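Asks: One-letter residues, chain by chain:
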Amino acid sequence: GAVVSQHPSRVICKSGTSVKIECRSLDFQATTMFWYRQFPKKSLMLMATSNEGSKATYEQGVEKDKFLINHASLTLSTLTVTSAHPEDSSFYICSATDTGGGETQYFGPGTRLLVL
Amino acid sequence: KQEVTQIPAALSVPEGENLVLNCSFTDSAIYNLQWFRQDPGKGLTSLLLIQSSQREQTSGRLNASLDKSSGRSTLYIAASQPGDSATYLCADYNYGQNFVFGPGTRLSVLP
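For the record, the sequence lines run as chains B and V.
Residue 7 in our numbering is what sits at position 7 of the first sequence, and the numbering runs on without skipping anything.
Residue 1021 in our numbering is what sits at position 21 of the second sequence, and the numbering runs on without skipping anything.
These are computed hints drawn from the structure, not numbers from a lab.
From a predicted model like this one, the values you see are computed outputs, not experimental measurements.
Be aware that one or more of the hints could be misleading.
As the list claims (entries may be wrong) - Where chain V lies over chain B, by a calculated footprint (3+ residues, C-beta under 8 Å): (1) 27–36; (2) 105–114.
To be verified - Derived Cβ-Cβ restraints for the label pairs, each shown as a range: (3) V:R1072 to B:R112: 45 to 55 Å; (4) V:G1083 to B:H7: 17 to 27 Å; (5) V:L1019 to B:I12: 40 to 50 Å; (6) B:S18 to V:P1014: 49 to 59 Å.
All residues carry an ideal CB built from backbone N, CA and C; glycine is no exception.
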């Protein structure tokens, strides 16, 4: 149980285009999902908290107009990288907590984005 | 398959005490090891990152060490405060290009 999927697993796009990444909780409902980005030296940093039915909460330094988050249902959150640039190339990971209780975060497998 | 464990699962200490949280991993072929803090209902906040070539990292009252040969990392918290109460997780990033998280240590610092 407690599986989180991400789609796509890998995407290559041209500079200036927008890319949407989906995060789904497959066997549980998730009121809250989190989006992380892997930075140089492979550190994992929280970007934003995605709340079902309300606006996302962004961490300091993360551009909300650049990284659009939508959490339209209890099993799906999407991250859209708008007007992507090469510096947006990174590994994006989502996680979700079970609405039914507990603080354990279940992580997706990640999406590798390469902007040319 | 990499496995990460953390001991203890829970810890309760009086304010002011120094404490050590332990993290063990089975496969020493890691790229780095990262310590996180998780507050209830919140995402993971990165505390310290140790590259595989490093032995330790320090930030304020926090010090993390890494011993790849023994598959262990420790997070030392000096002069603990009630605000340090949270769940602490360690995670390694390995050459398979994925993160493996430990189950966490739930810390309570009592005033």
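Asks: Look at each hint and say if it fits the structure.
Replies: Hints versus structure:
Requiring three or more residues with a Cβ within less than 8 Å of a Cβ of chain V, the coverage given for the segment 27–36 of chain B holds, as 3 such residues are present. Figure legend: the segment 105–114 of chain B, annotated as covered by chain V; annotation consistent (4 residues with Cβ-Cβ distances under 8 Å, at least 3 required). Under the hint 45 to 55 Å, the C-beta atoms of R1072 (chain V) and R112 (chain B), about 30 Å apart, miss the expected range. Take G1083 (chain V) and H7 (chain B): their Cβ atoms lie about 38 Å apart, and the range 17 to 27 Å is violated.
For L1019 (chain V) and I12 (chain B), the hinted distance range of 40 to 50 Å is satisfied, since their beta carbons lie about 46 Å from each other. Checking the proposed 49 to 59 Å range against S18 (chain B) and P1014 (chain V) shows it holds: the Cβ atoms sit about 52 Å from each other.
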